[in-house]
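Here are the chains, one letter per residue:
Number of protein chains: 2
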Amino acid sequence: MEGPSKYLENLIREFSKLPGIGAKSASRLAFHILKSGGSEAESLARAVLELKENIVTCSICGGISDSDVCPICADSGRDRSSVCVVENARDVLILEATGSFKGIYHVLMGTISPLDGIGPDDINIRGLVERCSAGGVAEVILALNPTIEGDATCLYIARALKPSGVRLTRIAHGLPVGADLDYVDSATIIKSIEGRVEVHS
Amino acid sequence: MEGPSKYLENLIREFSKLPGIGAKSASRLAFHILKSGGSEAESLARAVLELKENIVTCSICGGISDSDVCPICADSGRDRSSVCVVENARDVLILEATGSFKGIYHVLMGTISPLDGIGPDDINIRGLVERCSAGGVAEVILALNPTIEGDATCLYIARALKPSGVRLTRIAHGLPVGADLDYVDSATIIKSIEGRVEVHS
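If you read the sequences in order, they're chains A and B.
Counting along the first sequence from 1, when you hit position 182 you're at 863 in the numbering used here, and nothing is skipped either side.
Counting along the second sequence from 1, when you hit position 5 you're at 686 in the numbering used here, and nothing is skipped either side.
Chain A with its partners taken away, still in its complex shape:
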């Protein structure tokens, strides 16, 4: 959208670079900034810069943190015998939001994807093997997505961890809560039948 202000065009272009933001949304966001108070624009700009300046990767789990050794790894109240493996740092936040997992994490930073040229050595599997062979880990829970890449990565990790004797599990795949069989794809239904559990009465 050509316009009377190069500053406006510039901000629209910057917003358009963000994922899921098209030209119309970008223009709407830029006009919102324009109408908002100066302090809102400043705090957005500051938040963007501070994030890039201050965030580090936890040397234990590979997750993001404000200080090396993230608050989760540093928390003595967490169960260190249970390690949840996730694809990326954002998954840690998503799982933490549920409040259901009390163990610690291991962030792979990707999945094995030969088509994209990503092999086992390109993601942090070596670190996971080292953590398991160092002792103290009783169970590794794979919380990878049910995609071809996620499945391949699970398989590879299963082989890599076999010598350690650690119990290896994977989160369940099946019908989402509240779903209707009528609207669920057949791959999910097949997974839900394969992963069926006993009903105790």
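There's no promise every hint is true.
You can't tell identical chains apart in this list, so a pair holds if it fits in one copy or across any two.
Claimed, not checked - Below, simulated BS3-like cross-link-like pairs (lysine-lysine); rule was C-alpha separation at most 27 Å, straight line:
id, residue 1, residue 2
1, K705, K716
2, K698, K733
3, K783, K843
4, K687, K733
These are computed hints drawn from the structure, not numbers from a lab.
In this text, all values refer to a predicted model and were calculated from it rather than measured experimentally.
Since the structure of chain A is already known, use the hints to place chain B on it.
Positioned in the frame of chain A, the structure of chain B alone reads:
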């Protein structure tokens, strides 16, 4: 979403304040910034700040601009006898993107809306009347949205401009190009019948 980094939470909160951006989108955007190069984050932050610092309102049309008297009002190639009235500065960009209007604009900065406490004196109708009585304007085209507020504003402007003798028109409302009668609401169909035009053979 609680997380291991207050900088991340801060940016997610800032993104959530933007229109149409929910908590999940905000988190996705923040992680995009995190993964992107430092220069992308910097140029976004700079674009936000520069917009607020540099943009001004054109003293002629009320649109936004980098310099007083916007490029459109300053362009000697535009037809000054034709003034298009729009609700806000963003509408100018939307109309300019079509490239179909060669006249100049007048930005009302709102519409008459008694429910929101916005009366005729709260928007820039006085400026429009002054521009028309100063002479040189042959036609005023109302490009206001077909809402109750837009309709009320059109009516008010029609009365206010009557003494000037300027020709007053309103953009057509009817079926969008490519639409199907079956999927168009009845208010639009009524408008399209009211506004029917002669077919010449």
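Hint-by-hint comparison with the structure:
{"no.": "1", "hint": "K705 to K716", "verdict": "both (17 Å within a copy, 24 Å between copies)"}
{"no.": "2", "hint": "K698 to K733", "verdict": "both (17 Å within a copy, 20 Å between copies)"}
{"no.": "3", "hint": "K783 to K843", "verdict": "within (24 Å within a copy, 73 Å between copies)"}
{"no.": "4", "hint": "K687 to K733", "verdict": "both (26 Å within a copy, 12 Å between copies)"}
The structure shown violates none of the earlier numbered hints.
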